[in-house]
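> Sequence:
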Amino acid sequence: MFSYEFMQRAFWAGGLIGIIGPLLGVYLMLRRQVLMADTLSHVSLAGVALGSVLHLNPALSGFAIAVIGGVVIEQLRRSYRTYSELPVAIIMTSGLALAVVLMSLKQNLSKSFTSYLFGSIVAVSNTQLLIIAIVAVIGLAFFIVLRRPLYNLTFDEETASISGVRVGLLSFSFAVLTGMTVAAAMPVVGVLLVSALIVLPASIALRIASGFTTAILISIGVGLIGVFSGLTASYYINTPPGGTISLILLSFLLISIAVQKLIRRKNRRIIHKPI
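With the working numbering, letter number 245 in the sequence shown gets 245, and the count goes up by one each step, no holes.
Honestly, the hints are just simulated from the structure, not real lab data.
Hints should not be assumed to be uniformly reliable.
Unchecked claim - Restraint-style ranges between C-beta atoms, simulated for each label pair:
id, residue 1, residue 2, range
1, L217, L56, 36 to 42 Å
2, R269, L96, 46 to 52 Å
3, G221, A89, 32 to 38 Å
4, L96, L217, 31 to 37 Å
5, R269, F155, 47 to 53 Å
6, V101, R269, 55 to 61 Å
7, E157, I208, 25 to 31 Å
8, S125, A258, 27 to 33 Å
Owing to the predicted nature of the structure, the values given are computational and were not obtained by experimental measurement.
Note that beta-carbon positions come from the ideal geometry of N, C-alpha and C, so glycine has one too.
The whole structure should be built from the sequences, with the hints applied where relevant.
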């Protein structure tokens, strides 16, 4: 399998996304912004269509539009503080509408969108791998350097502001990083399933972790296992990598829920067991 260069690129790309995606997912879940990843993936699709119509690099145009979408969502979120879910709905519908219109302007464009919708191992080019590597390095530096301010911002923005954190700037930076991560993950898992790679490992981690740092480590570990096993399975059984990775991560989540229930039942029986 690793004798092929496209598989080497796919595993490098998957490994990098398997680190930064689940790490971002923990913060998105705690901030109750899970749908932001799904929204930006649809916005990124509009960017890919725009790049194809204007004869630009689709990966770069999708990347740029996703980043812009993240900034717009954050700006709208501050305008509609009472209705925090409204900006996500606005940007998602706008991105889908723009993608549909742009796809209609160029013949046979929809056929080439399959790899962007569902992910393709072969579609990971050297340019895309470079973009993913840059995003991963920036993302890790962002979360390491700003770990404490991000922690305060995630749990209580007002307290973070009082303690001296520049909430507005940090929130916009977080939105930009989210857009970058979503756009970078598109070649591996596809537009429709980007949020699965970001959210599912974090969902598992937050169920079983005893602390914040533990949740991050578990989320990254689950993400890497899911990506590598999904890429391997998709290569041998010839299935879309995005769907395969998502199903494996979903099975991990269901198993973790079942194991937790079994442990709780066992503990209850021990507690109520007559002496």
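> Confirm or reject each hint.
Do the hints match the structure? See the list:
Checking the proposed 36 to 42 Å range against L217 and L56 shows it holds: the Cβ atoms sit about 39 Å from each other. As the Cβ distance of R269 to L96 is approximately 50 Å, the hint placing it in 46 to 52 Å holds. Remark: the range hint 32 to 38 Å for G221 to A89 is upheld by a beta-carbon distance near 33 Å. The hinted range of 31 to 37 Å is satisfied by L96 and L217, whose Cβ atoms lie roughly 35 Å apart.
Separated by about 36 Å at the C-beta atoms, R269 and F155 break the suggested range of 47 to 53 Å. At about 60 Å, the CB distance of V101 to R269 agrees with the hint of 55 to 61 Å. Remark: the range hint 25 to 31 Å for E157 to I208 is upheld by a beta-carbon distance near 27 Å. The beta-carbon spacing between S125 and A258, approximately 40 Å, falls outside the hinted interval of 27 to 33 Å.
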